[in-house]
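Trainee: Here the protein sequences come in this chain order: A and B.
Under full-length UniProt numbering, think of the first position of the first sequence as 1, with each following residue one higher.
Under full-length UniProt numbering, think of the first position of the second sequence as 1, with each following residue one higher.
Incorrect hints may appear among the rest.
Pairs count within a copy or across copies, as identical chains cannot be separated in the list.
Unchecked claim - Each computed DSSO-like pair below joins lysine-lysine, with the alpha-carbon atoms no more than 30 angstroms apart:
(1) 15 x 135
(2) 40 x 192
(3) 135 x 192
(4) 55 x 14
(5) 44 x 192
(6) 192 x 55
Bear in mind the hints are in silico, worked out from the structure with no lab data behind them.
2 protein chains.
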Amino acid sequence: MPQHIVQRYDDELKKLSTLIVQMGGLAESQLAAAVDAIVKRDSKLAEEVVQGDAKIDALRNQVDDFAIEMLARRQPMAADLRVIVAALRISSEIERIGDYAKNVGKRAVALNQAPLVRPVHAIPRMAALVQALIKDTLDAYITDDAAKADAVWARDEEVDDLYTSLFRELLTYMMEDPRSITPCTHLLFIAKNIERIGDHATNIAELIHYTVLGEMPKEDRPKGDDTAYAVVNVPGGQR
Amino acid sequence: MPQHIVQRYDDELKKLSTLIVQMGGLAESQLAAAVDAIVKRDSKLAEEVVQGDAKIDALRNQVDDFAIEMLARRQPMAADLRVIVAALRISSEIERIGDYAKNVGKRAVALNQAPLVRPVHAIPRMAALVQALIKDTLDAYITDDAAKADAVWARDEEVDDLYTSLFRELLTYMMEDPRSITPCTHLLFIAKNIERIGDHATNIAELIHYTVLGEMPKEDRPKGDDTAYAVVNVPGGQR
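Okay, chain A solo, but in the shape it has when bound (with noise of 0.2 angstroms):
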């Protein structure tokens, strides 16, 4: 964080940023708590996820008010600008991974009223790499650190190969047992929202590497997931 002769300026900026990462906290329990729900078949946890994400959202416009609030009453220019325009983005991109976590809430209710089925299993691995992700990027936004940054927009490749190889599994299984094509459709969505919640977690990354370097990172990121041209054929050939 750039620093001011005006102590108040700099008390400004530290409350925005104590703001995104009160934020980025609530999101990512959010998140643990909604695939606990799954885990444990907790209707009633899942349902508080969906109540919960009110908070993130009330959050967001608090960031968002005060930013604006800030941009109008200081003035700033180069550093100070870009954490404050950062600080926007940030809330944008913490609100959309609160909308994933509700979403995961939502299904997880639907997924308590169908049988159990085999592949829940990957989703609480998948989650853990997304919320050491989220972890990681609330650690470098407080630190400054472009390197940390930088590290988890490399990391989210695996959560990209472990959606890969589930939606694979998932397919699979639905072909073997149209039983279990609705709570598989279910866990589809599910997986594929903590995979975009990975994503929103390397876009809040690259902000912080832009904010800290004055620059967007240069190359593209890897990209892992590759089944939106997935095709994936009935087990034993044509039926």
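Here the structure of chain A is known, so what remains is to put chain B in place on it, guided by the hints.
Mentor: Below, chain B alone, put in the same frame as chain A:
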């Protein structure tokens, strides 16, 4: 748009909104082309959509760099500040619309390798609704028409309803014929992508409301998509 004594400032705001409309128009035609690629089973066109997304990303960078430069140079207050902050946010929304259109393009390639499934016919209808939402949103943006923006915001419910009925149709279809599972899964995600594009159009409509009237719409948007909670049973009961 606010009027200024300084002609150059007005020119800059005009340039900003022109870039936004150009970006939005491109996103709309990317969606149209992706859906065309599905209907005509044209993988070459689908690949063009995938490649074409880079143009939207480049425009986004142009909008953002220009908006941040204006914030630094013009130190805007009140209405001008809102216009510039809204441009930053709208460019982010359009960039995501572009990402979803690109994903539809990718999935069109996969769809073309699988047998044709009947529910594909619902996609162009859903896309036509969403394209109209994008078009009207862009019209509301250039004319500063908050009422028109609010109308878009309410109309997204139709898209959600279409998505919900397609979601159920696809699940039933998969249960009846396991060979349709791969194409129907891609259709599920295509439909979800189009539904999400509708959500982003309503987000832009909210931002227009904010720019023109100085505050975000108070009430929550009517939400018609309940598929996250959906449980669809195997036709003819347990198998």
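Trainee: Which hint numbers does the structure go against, in order from smallest to largest?
Mentor: none
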